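Here my numbering is used: position 475 in the sequence shown is 825, and no number is missing along the way.
Where hints are given, some of them may not hold.
Label-pair distances were calculated between CB atoms; the ranges are [unchecked claim]:
hint, residue 1, residue 2, range
1, G398, T653, 37 to 43 Å
2, R688, S536, 39 to 45 Å
3, L656, E394, 52 to 58 Å
4, V673, L385, 31 to 37 Å
5, P436, K375, 28 to 34 Å
6, A598, L385, 33 to 39 Å
7, F839, A388, 18 to 24 Å
8, L828, T653, 50 to 56 Å
9, Q689, H576, 42 to 48 Å
No lab work stands behind these hints: they were computed from the structure.
From a predicted model like this one, the values you see are computed outputs, not experimental measurements.
A virtual CB, placed ideally from N, CA and C, is assigned to each residue, including glycine.
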Amino acid sequence: MAGSSVQEAQTQEASARSERVSRLKITLGLPLGPLMAAGLLLLEAPSGLPPAAWQVVALTAWMATWWVLEPVPIAVTALLPVALLPLLGVTSVNDAAAPYANPLIFLFLGGFLLAEAIQRWSLHRRIAMLVLRVSGQRPDQLVGGFMVATAALSMWVSNTATAALMVPIGLSVLALLERQGGGGASHHMELSLLLGIALAANIGGMGTLIGTPPNALLAGFMADNHGIEIGFAQWMLVAVPPALLLLALAWWLLTRRIYPVGVEALPGVADMLSEQAQDLGRMSGPERRVAAIFALVALAWVTRPLLQSWLGVELSDAGIAVVGALLLFVVPARWSERQFLMDWESARYLPWGVLIMVGGGLSLGTAIESSGLAAAVAEGLAGFGSWPVWALVGLVVLVVMVMSHVTSNTATAAAILPLTASLTVSLGASPLLLAVPVAMAASCAFMLPVATPPNAVVFGSGRLSVAEMMRAGAPVGLVALVVIGLAVFGLAMPILGFGWAA
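Can you make the complete structure from the sequences, with help from the hints?
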């Protein structure tokens, strides 16, 4: 009881501190963004830099300040290009707004609708319970089961929703262990289980183009600015193997080195998971229909090249996603009640802000490219051209991982992608060489509660401290740096068709 009171006091103190920091960020950030932009516009553009590029620098400074300090919602900041690029004379409103309707936006929209249907009919809970029931009863196996279930769901459902689903299940398991008593309910078990959920939710998002916004940003930016198409199946071939490797290494580090747990079977866990599975009952008709549509869409994404040649029509990942989403609104759940798998009332709760964020990032990236700013920055960074390629990749991964701890991973990717792409092009290499590690590294912010929503959800349980999260996140982040580097050279190059030089 005393321990519970201490945890509640710590949670309240952390909440109050967070509220004070939030107010300070709003007070400072709200005027700082536009003041920085105005100050830059009053200064003369550096020699050789086009006026339009300098205006984009001012807009970038404004957006970066608001993205970091968040005095307004991040999605609101993402609307600034539409409002300001035409006023500054950088581009027309049509050109500024076009990226918000990029095909990747519709891929995300279709993915969100599929995820919402999966959650609406509790299919995600059934999948999670199935994985946990077969994961084993040892503490390390149980942590591994939670991590596999979380990562698998996070590839298709938002990592925030996945963490929000898995944390209560994890807490119920911990509560059972506490009732049973013994070493199974140790603090190390708490930390390994909860941090495993946070790590897996972030890592799983790396695996698909709809798993996390930076992946969609990468695909959209490459298609719009460099004519490079990255297919859904291609990205999975590139990103799933390193995600699985990183997941396995994170599990081993957590349960064997950082917060070691026992290897003896835990009593009562299997029975509890079985009871929860029984509470779900048999798979309902709506669940089966949602599962079928989801399976067909995923299969179509993976086999799109074969389908194109077989059907003789042009297919796109975005088109497949929208077809799947439309089916949800016309396939009945309960025809007698004229109820369908999805309705617009449920769709209202989609993360529409994420779609605007991705569009804003693409719009800013397009302006950075078209204004000549990216080329100028690349020229200024030419000194890095003497660095070995592996060192460049490592530097980019490290910078993006650090930035993602203080600002959203979408904002980080939006700001860094155009610059790294232009740098590699100026060095005679493919823009993918540094752009791919940018997207992957943006998912690897493991150390702070504010870094990603899954980290915040886990920290909100009141079962761990910031120092404990950092102790686990730092070594996993270092491992991620190496894994991403290996993935770029061992998978991305041959699969996406680029090499050391253009």
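Status of each hint after checking the structure:
1. G398 to T653: 37 to 43 Å: violated (49 Å)
2. R688 to S536: 39 to 45 Å: violated (53 Å)
3. L656 to E394: 52 to 58 Å: Cβ of L656 to Cβ of E394: about 57 Å, so the range 52 to 58 Å holds.
4. V673 to L385: 31 to 37 Å: violated (47 Å)
5. P436 to K375: 28 to 34 Å: holds (29 Å)
6. A598 to L385: 33 to 39 Å: At roughly 48 Å between Cβ atoms, L385 and A598 fall outside 33 to 39 Å, so the hint is violated.
7. F839 to A388: 18 to 24 Å: This hint is violated: roughly 44 Å between Cβ atoms.
8. L828 to T653: 50 to 56 Å: violated (37 Å)
9. Q689 to H576: 42 to 48 Å: With a Cβ separation near 45 Å, Q689 and H576 satisfy 42 to 48 Å, so the hint holds.
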